[in-house]
Amino acid sequence: MSIEIKNLSFVYGAKSAYEKRALEDVSFTIKDGETLGIIGTTGSGKSTLIQHLNALIRVTNGSIVIDDIDLSQKRINLQLLRSKIGMLFQYPEYQLFEDTVEADVAFGPKNFGYKKEDIDYMVRQAIELVGLDYYEVKDKSPFELSGGQKRRVAIAGIIASRPSILVLDEPTAGLDPIGKREILDLVKRLKDSFVKTIIMISHNMDEIAEYCDHVIVLHEGKLIYDTTPEELFSDKEKLVGTGLSLPHTVNIARLLSEKGVEINESCLDVDSLVNAIEKAVPNE
Amino acid sequence: MSRDITLGQYYPVESFAHKLDPRVKLLLVIVYIVGVFLVDSLYAYIVVGAFLITSIIVSRIPFKSVLKSVKGIIFIVIFTAILNLLFHKEGEVLWSFWIIVITKEGVLFSIKMALRLLLLVLGTTLLTYTTTPMSLTDGMESLLSPLKLVKFPVHDVSIIMSIALRFIPILMEEVDKIMMAQKARGASFDNGNLFKRAKALLPVLIPLFVSAFRRADELALALDARCYNATPNRTRYKKLTLSWRDLVATIAFAVYIVLIVAVNNNFWGLY
Ligand SMILES: Nc1ncnc2c1ncn2[C@@H]1O[C@H](COP(=O)(O)OP(=O)(O)OP(=O)(O)O)[C@@H](O)[C@H]1O
Ligand SMILES: [Mg+2]
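Which chain is which? The protein sequence lines are Y and U, in order.
Here the first sequence is numbered in our numbering, starting from 1 and rising by one per residue.
Here the second sequence is numbered in our numbering, starting from 1 and rising by one per residue.
The shape of chain Y in the complex, shown without the other chains (with noise of 0.2 Å):
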């Protein structure tokens, strides 16, 4: 499914003393397959601009087009949008509601009228899919599990409904190191066997490196970059003013071939940064 965003604004609480221009004049592609990724700094509409994605937000100004869905026409089938564009918020662990852990992964597909022996099966799977064992936590209540497991769980309610497009915002806010890269190798791995399209929010720029194919830039509501990271994080000019930084194994990459080092890749992660400086400096 490709996303088609036209000329995009949104005002939080029109016509009264708190008006909030979140999004101004927002226009871009998402092409089925994409992993995109959204940064920008804290206020910036990453979060506005995907909840229009599925009507959490309703679209006033400009058009988004879901394949054949049409998002700024009243009435669209909210049902059918919403399952097949999974949405994971920020902090989802704090949106676990059920007795055991299977209860609330199939809350999703229950709403969705999936068939009680579908809902079986595509729970299980689910929870499988993010690296938990079925039967030990099944009848666990999500409330005592660790950070990190219940965000698991949050995830498992998400593709329980198989989206085809997947939405993450900040799904590795707060937590550990290990448990960060664990969420991003499970969307890794999601990307490749389960959803086609996935849009991440993040604000560390070495997982948009690492794992993105195409990215954004949202300044004060405006989309000021709409590239590769290659091309985002080639030129630091770039960057300047928006609040925001270089990945590290750039940043490594620059400083080096300041010093002389011929490094010509982008480095966007940290094999091709090793095999670059490999080819630089010849091991005697």
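Simulated from the structure, these hints should not be mistaken for lab results.
Positions of the beta carbon are idealized from the N, C-alpha and C atoms, including for glycine.
Each statement offered as a hint is correct.
Straight line, CA to CA, 25 Å or less: simulated DSS-like cross-link-like pairs of lysine-lysine:
no., chain 1, residue 1, chain 2, residue 2
1, U, K177, Y, K180
2, U, K199, Y, K115
3, Y, K116, U, K183
4, Y, K20, U, K68
5, U, K196, Y, K110
6, Y, K180, Y, K138
7, U, K71, Y, K15
8, U, K183, Y, K191
9, U, K239, U, K19
10, U, K177, Y, K74
11, U, K183, Y, K138
12, Y, K110, U, K199
13, U, K64, U, K112
14, Y, K115, U, K196
15, U, K64, Y, K20
16, Y, K15, U, K177
17, Y, K140, U, K199
18, U, K177, Y, K110
19, U, K64, Y, K15
20, Y, K116, U, K196
21, U, K196, U, K177
22, Y, K115, U, K183
23, U, K199, Y, K116
24, Y, K20, U, K183
25, U, K177, Y, K222
26, U, K183, Y, K196
27, Y, K84, U, K177
28, Y, K84, U, K183
29, U, K68, Y, K15
30, U, K19, Y, K15
31, Y, K74, U, K183
32, U, K148, U, K239
Not everything, but these chain U residues come out facing chain Y in the computed CB check (under 7 Å):
no., residue
33, P12
34, I178
35, M180
36, A184
37, A187
38, I206
Go by the hints and put chain U with the ligands onto chain Y.
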């Protein structure tokens, strides 16, 4: 959504009324309320209305926003008006059908009661519109401080109140977020009968309570960690001080009170 609740919401503009001392505003509003209850003649209601409109203009809050606060109670107003109309049986009969009797006095009485309710709500809304919850509790604490003499824990009560007030918008935001998250999982909150709807709220209420308890815990820890205790000699960051504005407002109010009392009593038959 939940942000649409206007009752008790601060309206951030700069005005004469916003700058008044909260204690003065509280006292004046109490007097205003007593006034609205005592006033009886329709002419006096006109004076009250005129005074209210003047106050709204002085607070520089758009009329539309003030009127919004009436929306929530319009049903109650109409309902009581109808009841008053039906049950007021004395006086000159205007119209009667079966057991329904409508009298001239009944009409006047229901209009007065409706006006009374509206003026009450509008007046108190104006207070919350022009005063932040924080300064309201500060004002209340200061006004209640004589109660300390009888060992009433005024400060504790006021800190509890201000924490509660502070948490209302936070919890509302939380409700918004949780609702969105559950909607993304296909939950719908506006379908079905009352029972179904109440049940649909469980996925919102449970996480909300969990997080409210978590927040309360964290806050208690934070207060403890900073050695907070409500000792009697705490100094404050914002001291309440009276200014010329408070004097002007009080004088204007005194004039208003004299005026409504006079109008209410037909100027004691002086002319
Ligand atoms: N429900 C709301 N009501 C009013 N204003 C809001 C609301 N939600 C967000 N805003 C405002 O809109 C702007 C954009 O917010 P948004 O949440 O989209 O930012 P963000 O890029 O996701 O930030 P963060 O990185 O902190 O999550 C901010 O200035 C914010 O204060
Ligand atoms: Mg956000």
